[in-house]
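Asker: Please build the complete structure, drawing on both the sequences and the hints.
Residues per chain are reported as follows:
There are 2 protein chains.
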Amino acid sequence: MRDLAKRIRDGDARALARAATLVENRSPEGIELLRELFPHTGKAAIIGITGPPGAGKSTLVDQLARALREEQKRVGIVAVDPSSPFTGGAILGDRVRMMRHHADSGVFIRSMAARGSLGGLAAATTDIALLLDAAGCEAILVETVGVGQDEVEVARLADVTVLVLVPGMGDDVQAIKAGIMEIADVFVINKSDHPGADRLAREIKANLISPRPIVRTVATEGTGIADVLAAIRSHSASKNRATIWSFRLREMLRERLLERFSSADFAAAAEQVAARKRDPYTIVDEWLKRFEN
Amino acid sequence: MRDLAKRIRDGDARALARAATLVENRSPEGIELLRELFPHTGKAAIIGITGPPGAGKSTLVDQLARALREEQKRVGIVAVDPSSPFTGGAILGDRVRMMRHHADSGVFIRSMAARGSLGGLAAATTDIALLLDAAGCEAILVETVGVGQDEVEVARLADVTVLVLVPGMGDDVQAIKAGIMEIADVFVINKSDHPGADRLAREIKANLISPRPIVRTVATEGTGIADVLAAIRSHSASKNRATIWSFRLREMLRERLLERFSSADFAAAAEQVAARKRDPYTIVDEWLKRFEN
Chain A
1 MRDLAKRIRD
11 GDARALARAA
21 TLVENRSPEG
31 IELLRELFPH
41 TGKAAIIGIT
51 GPPGAGKSTL
61 VDQLARALRE
71 EQKRVGIVAV
81 DPSSPFTGGA
91 ILGDRVRMMR
101 HHADSGVFIR
111 SMAARGSLGG
121 LAAATTDIAL
131 LLDAAGCEAI
141 LVETVGVGQD
151 EVEVARLADV
161 TVLVLVPGMG
171 DDVQAIKAGI
181 MEIADVFVIN
191 KSDHPGADRL
201 AREIKANLIS
211 PRPIVRTVAT
221 EGTGIADVLA
231 AIRSHSASKN
241 RATIWSFRLR
251 EMLRERLLER
261 FSSADFAAAA
271 EQVAARKRDP
281 YTIVDEWLKR
291 FEN
Chain B
1 MRDLAKRIRD
11 GDARALARAA
21 TLVENRSPEG
31 IELLRELFPH
41 TGKAAIIGIT
51 GPPGAGKSTL
61 VDQLARALRE
71 EQKRVGIVAV
81 DPSSPFTGGA
91 ILGDRVRMMR
101 HHADSGVFIR
111 SMAARGSLGG
121 LAAATTDIAL
131 LLDAAGCEAI
141 LVETVGVGQD
151 EVEVARLADV
161 TVLVLVPGMG
171 DDVQAIKAGI
181 MEIADVFVIN
191 KSDHPGADRL
201 AREIKANLIS
211 PRPIVRTVAT
221 EGTGIADVLA
231 AIRSHSASKN
241 RATIWSFRLR
251 EMLRERLLER
261 FSSADFAAAA
271 EQVAARKRDP
281 YTIVDEWLKR
291 FEN
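Chains as they are written, first to last, in this note's numbering: chain A, 1 to 293; chain B, 1 to 293.
Note that these hints are calculated values from the structure, not bench results. This one's a predicted model, so the numbers in the text were calculated from it and none came from an experiment. Careful: at least some of the hints might be erroneous.
Remember, identical chains collapse to one label, so a pair may be satisfied in a single copy or spanning two.
Stated by the list, open to error - Within a straight-line C-alpha distance of at most 27 Å, the following computed DSSO-like cross-link-like pairs (lysine-lysine) qualify: (1) Lys205 x Lys73; (2) Lys43 x Lys277; (3) Lys239 x Lys73.
Answerer: Printed below as a string of structure tokens:
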């Protein structure tokens, strides 16, 4: 394990891949490794990239990684797939586009599967980001899909959150507003050469409580990427790391608590409840007593 | 409390409103009440209505409630708002449209706020549905917003889940597919008089592993509502209640475990971790020991 930790700190891609699997499987070795590496982390900025499907997030991540590489920065990319909670996840088509970084030893890409109902995606994402941090990545781009609760959780764990929108969304801005608008530190209007970019900028401004940067991009052409990076950097400096760690600790605790229960526990109790032989409130009370022994 | 339970079973709207507040605030009285009412539940079908913003979910819920009222069924509506995790939630504009049911003593409407990072929305929604069940509602329509993880959780707790889509969504079906498509029992193509309805139906079929009913509606005109109800009923009969209770029990347990920790616990630890004075893995280990004493 000590050897693996050393190889990770040296930026060995194979060691990182092995460690990421240990961590994603929540194995005790993975936790031990993270504990060992933790003092060597804290240099990377974790940048969450979120927004509705079709907004061009993958292309933006691609361009940001390219720009960071031009500055000789080591870059980590964590792509959170919107995979099925039943089948355990599939690689999205647009991940293939990112593959061209694979030849570059300064970019590490990890695709993560969404988890089942026990959650833990946000905690696992944080752990993978810490591995990449220990490996010397100065920026870790975490791309989520959609704008649901899962994305809000992942966004809260990032140092800076970028919300990518596109013109012509209509009423959808209203819906997005309620969830993730408050959490975004930087707004990107991608495909800003499309009609409606000005209107979208006005709508975003109208819905913001405190001012935040709004940057226009055409990610497919690389336009505006330097501005996005500048906005990220200016916000990264101002964000309170302790607040972010408070969210991260909650996620980690939640996950560790629920791993003590098996599917069989839930299945047996569910049969009794469905038949109205027992009530669920009393059963949960009994489960809580398990922790006390 | 016994008196409140009796009034709820008699379908007293004021008692229900008070109980819903107790339950939503997760007060001990609320849990006690649910425990008392639980043996009198199990008659209602909990019907989740989900889909992307703008698909016409509220209108569909409205029309389904109307159709059920024509059959003299008592109806519950639980509207889950996509409210901000910071401000605690707002009533959506389109809730106003549903207000016209308010004059009808056979329809109970409860709007629920989304919760903070500790979660519990799905558990609270289930509890409110049980209250409405005990009050004699034969159908409880739970409307969620969006297609994120939160919606997947709520959908899993429903007896039947209806996914509402509209023509002209383009690539978005691909994104929705991965998350909630597998969980939907009934597909509704709303605004089916718009171009692209046939194409959407084909896309849905192409993405389904097992066949499910696909119903076309124009909810604003009441077209297709009877077909949606028929599809819901046919699926409601086939669904395994124990499987659903297994998801519900997990949610309930998760919520009860995390309520033992305060924000101050997390804040104090987060300061130390952010400063790299301690590692988060060791802190969580110590928190787990709390349960053992």
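Asker: Each of the hints needs a verdict: does it hold here or not?
Answerer: Hints versus structure:
1. Lys205 x Lys73: Neither: 32 Å inside a copy, 46 Å across copies.
2. Lys43 x Lys277: between (55 Å within a copy, 15 Å between copies)
3. Lys239 x Lys73: This pair counts as within: shortest intra-copy Cα distance 21 Å, inter-copy 53 Å.
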